[in-house]
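Student: All chains should be built: construct the whole structure from the sequences, respecting the hints.
8 protein chains.
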Amino acid sequence: MGSDSDWPTMRAAAEALDEFGVAHEVRVISAHRTPQGMLDYATGADARGLKVIIAGAGGAAHLPGMVASATPLPVIGVPVPLKYLDGMDSLMSIVQMPAGIPVATVSIAGARNAGLLAVRILAASDAALRAKVTEFQAGLEAMVAEKDAKLRASLG
Amino acid sequence: MGSDSDWPTMRAAAEALDEFGVAHEVRVISAHRTPQGMLDYATGADARGLKVIIAGAGGAAHLPGMVASATPLPVIGVPVPLKYLDGMDSLMSIVQMPAGIPVATVSIAGARNAGLLAVRILAASDAALRAKVTEFQAGLEAMVAEKDAKLRASLG
Amino acid sequence: MGSDSDWPTMRAAAEALDEFGVAHEVRVISAHRTPQGMLDYATGADARGLKVIIAGAGGAAHLPGMVASATPLPVIGVPVPLKYLDGMDSLMSIVQMPAGIPVATVSIAGARNAGLLAVRILAASDAALRAKVTEFQAGLEAMVAEKDAKLRASLG
Amino acid sequence: MGSDSDWPTMRAAAEALDEFGVAHEVRVISAHRTPQGMLDYATGADARGLKVIIAGAGGAAHLPGMVASATPLPVIGVPVPLKYLDGMDSLMSIVQMPAGIPVATVSIAGARNAGLLAVRILAASDAALRAKVTEFQAGLEAMVAEKDAKLRASLG
Amino acid sequence: MGSDSDWPTMRAAAEALDEFGVAHEVRVISAHRTPQGMLDYATGADARGLKVIIAGAGGAAHLPGMVASATPLPVIGVPVPLKYLDGMDSLMSIVQMPAGIPVATVSIAGARNAGLLAVRILAASDAALRAKVTEFQAGLEAMVAEKDAKLRASLG
Amino acid sequence: MGSDSDWPTMRAAAEALDEFGVAHEVRVISAHRTPQGMLDYATGADARGLKVIIAGAGGAAHLPGMVASATPLPVIGVPVPLKYLDGMDSLMSIVQMPAGIPVATVSIAGARNAGLLAVRILAASDAALRAKVTEFQAGLEAMVAEKDAKLRASLG
Amino acid sequence: MGSDSDWPTMRAAAEALDEFGVAHEVRVISAHRTPQGMLDYATGADARGLKVIIAGAGGAAHLPGMVASATPLPVIGVPVPLKYLDGMDSLMSIVQMPAGIPVATVSIAGARNAGLLAVRILAASDAALRAKVTEFQAGLEAMVAEKDAKLRASLG
Amino acid sequence: MGSDSDWPTMRAAAEALDEFGVAHEVRVISAHRTPQGMLDYATGADARGLKVIIAGAGGAAHLPGMVASATPLPVIGVPVPLKYLDGMDSLMSIVQMPAGIPVATVSIAGARNAGLLAVRILAASDAALRAKVTEFQAGLEAMVAEKDAKLRASLG
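Protein chains in written order, with our numbering: chain A, 1 to 156; chain B, 1 to 156; chain C, 1 to 156; chain D, 1 to 156; chain E, 1 to 156; chain F, 1 to 156; chain G, 1 to 156; chain H, 1 to 156.
No false leads were mixed into what you were given.
With a cut-off of at most 27 angstroms between alpha-carbon atoms, the simulated DSS-like pairs for lysine-lysine come out as follows: (1) Lys83/A - Lys83/C; (2) Lys150/A - Lys83/C; (3) Lys132/H - Lys147/H; (4) Lys83/A - Lys83/E; (5) Lys147/E - Lys83/G; (6) Lys83/E - Lys83/G; (7) Lys147/F - Lys132/F.
Rather than coming from a laboratory, the hints here were simulated on the basis of the structure.
Tutor: Listed below in structure tokens is the structure:
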């Protein structure tokens, strides 16, 4: 992510990865404040063995797209909302990438889904992890059923 | 995709997959007109050996999110612009998924990038394909250099 | 509705139905977390004797449209606003349905009007209920007249 | 509708009603140019035996809401897009009704769905008509399956 | 205005009129809750000697336009912001009137300017009042000069 | 208006004034290209006997607000749409005036309504002109009735 | 700036100039409340030796554009967000200037960047100041590196 | 600029520079397709003697901000509109830069103003060029006066 001020939003991505036992690293790297460092990080990520990169940024959010330009790995972008505009500027800056350089964009402040998307990407070639995703989805289903039962009981 | 009227937009995804030699199938399946068929397709996709699903839809675009709800595979969503609103409705309906069910969203009408993102996802666990992505990116670089040279020449 | 977190918004629909003595059930059912359960609920609603379905959801709000796809009953959609975007994403995802599958959309967070719309729909074939709606409208008129009188009095 | 210039958009509503054999009348009545006439029409609609009213309007689109204010019948609003703003002004003016007076809003230029919604509303208390809706939905399903087959055939 | 809940916003219009010694009345009249009463009020306003009407409303804000449809007097519309959308829906519903029926729209929550605009309209045919407006503008100028001096002093 | 390129939009204002026999002058004056001339024009307008000023402008549309800042007369602003953004920028720049300096804003490209609003403003103190406005409104009503009859006839 | 209420936003511009040792003056001047004074200030700025002008304003924000119309100096505009619309109106009113009169617009509430942009503009012809900008950028880089190290340490 | 497809928009910047006799170079350099080349170009620009950089880009428009991150020179950003969204995505991606790295943003497709802004920036330290800007502004004034005379003549 571009700043440690994004961490309260972005930690949900790390937590999702932890839930699925997926190893990861967390870095503060800025497209605008450390442009060469950012490019070097992106260029070297594949060789270092990374499989997916999650990048969160706000406003004129260039980090996800710039990282994607310098790596063949799939890059997931999280639009971090700033004080104004409710994250619409962040979303536009991340999702509207030109043909050739895709960024997998999730919802505004959707860091948890970024983590889950990374898990699904890794799971595409890992049957055990895929089974965990299926199990996780069953858990969501059970949770909704429970909420349904509880609400109906309360309305009794 | 939800309708064959999306095909002029979506074919760019298929073409990108072809360029990288990635096998794929093309289907017209609608969240709203064939809801059970859509759900069955999504539920069975993993077992049939699919690795990634690309879903394009416009307006109240529910196809990508609904497919993602019934498969552990990564799902890529393409916001197809309709006659009004320039695709903003499609984008909102695809990208703003609730926590738990991610959709990897690309730009409005960005089907080519959806194909390229699918390639990157597959390449995350396939070094040969990853090399092709790197080569493709070098090709983009060469193309820009050529355009740069040509424009500068034309300006004398 | 898709989550019990929508209940503070959606309860106003239930209250409106209660005011008119219209029997109803309240369920937590999620398009994304319980897709098959949602579809089964919608498919069976008509046979179970339901006449109208009110569905509230936020963000990429697929519940109203998906329910409408699997029932011949009229479906009313309530755009629930989330933390960002003031419900514009929810509205777009609900109202912009493709031709063939209508959703009767009310205002952002307009659950009370969803309840009142359900009453009007039922009243279309029920003269007694229709009389109650007329009486309710006369009550609104009286309330405004009273507020008018009170404000004018306070202003001397 | 408020002007005969809305007819090219609104005729799709009449056609949908025709397909289902639902009798209807078509009127040009303007909230702004014939305010008292509009109110009289709305006030008398119930007694004349109308069951549902479909109102289309563009820009500061007051017709659906004003009609709803003077009748207990369900009112369906169609946001007609004008030359600028792609119908967003029409949508806002129709859907954002205050508590007490609901308007069942469909998509921008969604007159066909307005007709289909009227059919569903009438069908809520008419089992034969409801069966027709179910049949109609099966037809949509078949149409998608056919398109799917045709596209797959064309792709070899 | 349509509801006494608009009074905290709209009172600034009354205060502006008071500052200029312009007599006025304050009424709660609702386009949606008292449609016939609203129309009667508008129709009779000219004969009762009113010169300008200020109407404030929020959401699907039909009051200013409906009043304008039933009077030859100039009507000023104030978009009252509701809980969501920051008044954009109110603005669209008021300003986008069809040709034939103008509404003089001021800024979102701009009730003070509505009052001042009414004063300018009356002053167009009243030289003494026009002189007061000129004097008022000189006062604004003096106020800015004073703020400028104070800030510069505070910055040393 | 700020440029003769606005004339195709703005001429509808002049035509409306002509229909009501209201004398007027047409000027090209630019807030940005002739700032001092614009200010001089506005400052002198009252003394020259003008009663109302209509100002049309597009994009960062400063003309109406700047003219209003230098005259006590009522100023009507017409948001002229440019090639991009459908006039939303023009509307924002004209309607969102700060407290103290009102601009009576009409719809995007709503020059005809600007002319009609000027007529209403003049008519506020001119009973004969007010009668013409009432007559004009009756004409609108008749026109709608005629369209209604014609459409119903055509539909058999 | 147009009002002392903009100072909490705009002071960040002054602070940025102070950090780089750039002399400056702070003025409250309003396009709408002191139009002639504003124009005189802008017209005389060049002769008084100013090199760059920073103007902040909100809503129908005319100050930057009007100042730019009356000086050959580069003018930087800061969109100040008001209570509603998150500064989108301010941004539109400042950035969408017509051809011929440019305003260098920064982000919503981006007064610090306005100061830094002024520094860069002055530095374009001042090698010593340019070196300070380069040094400042190195400082940003170091700051990010430090945050990166700190966060990684905290995550163990 | 990022692609030669931006040239039809961006050439107006070059033409403006030519009108003022300002030497310049035109380059096709892409933030996403030639990230390292773009960074090298930006890093070396100052040493090569450039004084101002104009960068145009569309969609997720990262070029202006990325160039600004790697040079101490003032960078002017031109939001190039793409097929959808009328350039709002481009504008958001360029203007909403984080504190520390300013980009001087002009209007959507406002390349001519980008050129004129570059001229003003250079003129800030060049009295002869500043005189040309003043002369240019007088020319705009004369042009408006001429259009005014011509239109008034044509209206007789």
